[in-house]
Amino acid sequence: MLIFIARRLLQAIPVLLGVSILVFLVLYLIPGDPAQILLFGSSPTPHQVEQLRQQLGLDQPLPKQFVDFLGRVIHGDLGQSYVTGQSVASEIWSNVGATFALTFAAMGVGVLIGVPVGIVSGVRPGSWLDRVGTAFVVLGTAVPFFWLAIVLILIFAVNLGWFPSLGTGSPQAIVLPAVALGWNLAAIIARLLRNSLVDIYLQPYIRVARAKGLSARAILVRHALKNALIPVVTILGLQFGNLLAGAVVIEVIFGRNGIGSYLVQAITAKDIPAVQGVVLFIAVLYIIVNLLVELVYGFLDPRIRRGWATS
Amino acid sequence: MAVLRSIGRFLRRPGAIAGLVLLALILVSVLGPVIAPDDPEALVATKLQSPGGAHLLGTDQLGRDVLSRVLYGGRHTLLSAAIAVLIAAGVGVPLGLVAGYIRAWPAALIMRLMDVLLAFPGLLLALVIVTIAGQGSTSVTVAIGIAFIPVFVRLVYGAVLSARGNDYVLAARLIACSPARIVLRHILPNISGQIIVVVSSAFGWAILTGTILNFLGFGVQPPTPEWGADLAQSKDWLAQGWWASTFPGVAIAIAILAANYFGDGWAAASGGRRRRRRRGAGGPTVVAGTPLVGPAAVTATAEEVMR
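For the record, the sequence lines run as chains W and R.
For what it's worth, my numbering labels the leading residue of the first sequence as 1, then goes sequentially.
For what it's worth, my numbering labels the leading residue of the second sequence as 1, then goes sequentially.
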């Protein structure tokens, strides 16, 4: 198993390297002179441009620049924003907490709504409850989440006044954004869980459990759910990156602080170091989370663990 | 003809209705200028008139006809999504065919590159490309197209790998068909069903991502009508008039729903029996049109379809 973990870690390295190359190249793929682009908006004098070029080594050959870039990134230095004058790493650091809170709250919403709906539909496929669950899934996957956010604001903030519509301040302020962001995940989880339960209930081992007189509840909890929940764990990992990306939009709508709204400001202001920093941060995080999920997956399912030993 | 039979079966399924809805949406958008009651950019009435009367869906915060804006906005949204999918499939399918059949170093190179692209959540990749290419509706379209290339490459690569082992491929090789002929004349037609499914769900996803990028203000500039942009501009007037931002949102939802069910219906009509049994209820199998499902997750579901 250790060998497997080591191998997966090694396989992640080329991807990490590729991701950093791509992020590094962003500055050079934009048409124009990198030094001018970095100083965009500050109407620099030619002298300033030349100074920055030398300071950042922009006159060096590209591979050399990349190695320098990588060296800085590994030491946690994501460069400096020439728009705000701040270090990008510290800006990300001060914003990331709010985004994580939102992302995990959205995951919570997804699990709390998706798992019960999936179970109710999957235990009795074809029943009216299943049809209600299916309708929920259909709406959950089709309704654009940023529009849902606006509808939620209209109903619960503007009309009922239960929750604030803007800001990060009070603890209640996270409820509407988390529901808007997690709603779709709930639909995905519900669909996945329903389909795996339907498949599992046709398996011989469930028939055996029935034959020996176990209650429906015991079959569900001890036999069916154990297997059906494994794919749900995977989808949570796969969706983590998408939740982070979705948080970009949700944070803008609800006027929340976070790396998402920071990213949108950076793109609007052509603040390239900030864009590179946030993008690299999210991509690396996404890779790490997926690695962890794969390991957790093996931990949960002995069959996969055995596959690791032999591979 | 397998295709004709598929079409026959297809028409008897819910996916067919979705397809018709999609067709209707496209038709309405194409005919927008003819059927729209007003000029979408003209200030035709008092601000924020409620729906009904002279303005069926009301007027927005500037006094423009919401129905006309939704009708015109669809042209932009749907056309941009269609071009994006064309770019993604046009680049992704050939790359996938090459990587899947040739399997020498180009395969490894292409697939590693796709791994790197898939390490970014789809929306994030699109945002990066918008940063590079600059803002505007063209670069939004291109960004979405590029962001979706890896999904097509992965799908086609996997499909070609599993098709290679079939007897018909062996037979073609025995009669000395060239690799290009085998791939284009034998393998491609056999995996086209899977490609259509992904094209359809990619279309839903492209609509969503496009409206998000426009919503964030990176696409069309006012006063051009576009569903996502209209939603963004009207959202601050929610308390005074819910309709101005609600109807563009409804339009987006219907379009995505139709795209998802179209692919689903097609898969069920052209695919095997096993797929149909598993599908039943439970919503669309390929849920690409979802906000949070970027390319990575779509690949997972696309592979699910293939199994």
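Hints are supplied without guarantee of correctness; some may be wrong.
What the hints assert, rightly or not - Under 7 Å between C-beta atoms, here's a sample of chain R residues computed to sit facing chain W:
| no. | residue |
| --- | --- |
| 1 | Ile-129 |
| 2 | Ile-132 |
| 3 | Leu-161 |
| 4 | Arg-164 |
| 5 | Tyr-168 |
| 6 | Leu-170 |
| 7 | Asp-236 |
| 8 | Trp-237 |
| 9 | Ala-239 |
| 10 | Gln-240 |
| 11 | Gly-241 |
| 12 | Ser-245 |
| 13 | Ile-256 |
FYI, nobody ran anything at the bench for these hints, they're computed from the structure.
Built from N, CA and C at the ideal position, the CB exists for glycine as well.
Against the structure, the hints:
1. Ile-129: 9 Å, violated
2. Ile-132: Holds: closest Cβ of chain W sits about 5 Å from Ile-132/R, inside 7 Å.
3. Leu-161: With a minimum Cβ separation of about 18 Å from chain W (threshold 7 Å), the hint on Leu-161/R is violated.
4. Arg-164: Given a least distance of 22 Å, the restraint on Arg-164/R is violated.
5. Tyr-168: Violated. Min distance 31 Å.
6. Leu-170: Status violated, d = 28 Å.
7. Asp-236: Hint violated; Asp-236/R Cβ to chain W Cβ min 10 Å, cut 7 Å.
8. Trp-237: It is violated, given that the least Cβ distance between Trp-237/R and chain W is near 11 Å, above 7 Å.
9. Ala-239: With Cβ-Cβ at 5 Å, under 7 Å, it holds.
10. Gln-240: At 10 Å from the nearest chain W Cβ, Gln-240/R fails the 7 Å test, so the hint is violated.
11. Gly-241: Constraint on Gly-241/R not satisfied, violated at 10 Å.
12. Ser-245: The hint holds - Ser-245/R has a Cβ within 7 Å of chain W, the shortest such distance being about 6 Å.
13. Ile-256: 5 Å, holds
Against the hints set out earlier in the document, violations occur for numbers 1, 3, 4, 5, 6, 7, 8, 10, 11.
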